[in-house]
Amino acid sequence: MEAFKGWLDRNIVQHSHVTVEEFAGTGRGMKATKNISNGDTIFSVPRKLFLSVSSSSESLQKVSWHELVSTQLEQIFQTEQISTDESLVILLLHEKSKADSLWKEYFPTLPTQYTNTVCWNDEQVEELRGSNLYHLTLRLKQQVREDFAILMEKTTRWKNDLGFEMTFENYLWALCTVWSRSFDLNMNGQTVRVLVPFADLFNHQPLVRTRHQYDEATDSITCISQESFSQGQQVFFNYGAFPNMKLLRVYGFVIERNPFDLVDLYCPMSPYAPLFEQKTQLLSTMGVSNDTAFGLQSGRLNETLLRTLRIQRIESLSQIIDCMDATKDSILSKDNEDSVITSLMEGLNAMLSAYPTTLESDLRADKLKLSYEERSALVLRTSEKLTIKNHLALLAEKKKAL
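Reading the sequence shown from the start, the letters are residues 1 to 402 in the numbering used here.
No lab work stands behind these hints: they were computed from the structure.
One or more hints might be untrue.
[Stated by the list, open to error] Label pairs and their computed distance ranges (CB to CB):
no.	residue 1	residue 2	range
1	L402	N170	54 to 64 Å
2	A401	E315	21 to 31 Å
3	A354	K34	46 to 56 Å
4	P259	K399	19 to 29 Å
5	Y266	D122	19 to 29 Å
6	I320	N170	48 to 58 Å
[Stated by the list, open to error] Below are the DSS-like pairs computed for lysine-lysine, each with C-alpha atoms no more than 27 Å apart in a straight line:
no.	residue 1	residue 2
7	K154	K141
8	K367	K389
9	K48	K98
10	K334	K400
11	K104	K31
12	K246	K389
13	K96	K34
14	K98	K159
We put the CB at the ideal spot given by N, CA and C, even for glycine.
Given these sequences and hints, build the entire structure.
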């Protein structure tokens, strides 16, 4: 890391408040070298170090194209209509292959392997069975393969201009780098996706308060602390209020006792249901469609889900009229509410049955004997099962009170 630190200093990266450190549990992260107060600038990285591309308007290119991006790559991105993420993939691999790249000291700081679920083998993916992430991962693995094949077709005639040999392995590595380490910055009124050396070394903590943004006056990304950190303490970023399912898919890790964890529940309505058109129209006023995912979080029922199920079970046009107030939380009738609760409990029990392991066996598992992937899957499904069990208990109380 000494070469990287020297590179940061030569390129006027302000980082005197933090330094790279290894931490138990989270691995490499950032340690406060001094007490940090609310409002302090944790770091500032100049735009010249951003890895970023764009194939849109000239004004956007002025803020997102690095001066060293070759005209050959620019032509590939624009001619072949390559997506932002895949353009970043190509740029990353192109620069990584160059002995004289501006970012040559940055690349060794990147992981050599990723733990996003798209990188898991078939046996590891099986550990996710029962979770929505299981099928999502299978679809994502297939989609990545298909996207790679399409990209290979687009870039075949540009092979000599790429400067490296594209393989599925290095494509997947670069894609996971972009997914897990890029920032979306508002630059001159445009949202630009960038890789920012040093800024991508902070670990996630869901309740920490920091703010990062592009500062046009200094032409840099700055991070401002919105709370205090003591000298020697790990300094975290807040990536967002994400459930474990997204954290594991995009970033390759989970958080035990994640305060934002949830279980997605889908309840599409059959097109043959009575009054389907009227019900669909009423649900649309609530922002609900057949593809809506209802997030279930421990401790409270999802009122939008309950309203949706009440409407789905309406049997007469007069009840549709009674429901025109989409924010109405009161029950329509005792029979309707009983049907809603019963069907929801049946659905939740079916979700529990889809897991190949029980909650009790998961709680007894010895995490120290598990691989990283097995342990991550265990934390994910245990949290999901606890959430489902909590909702079953809440629904049982609600049913008893009818």
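Quiz prompt | Violated hints - listed by number, lowest first | solution = Violated: hint 13 alone.
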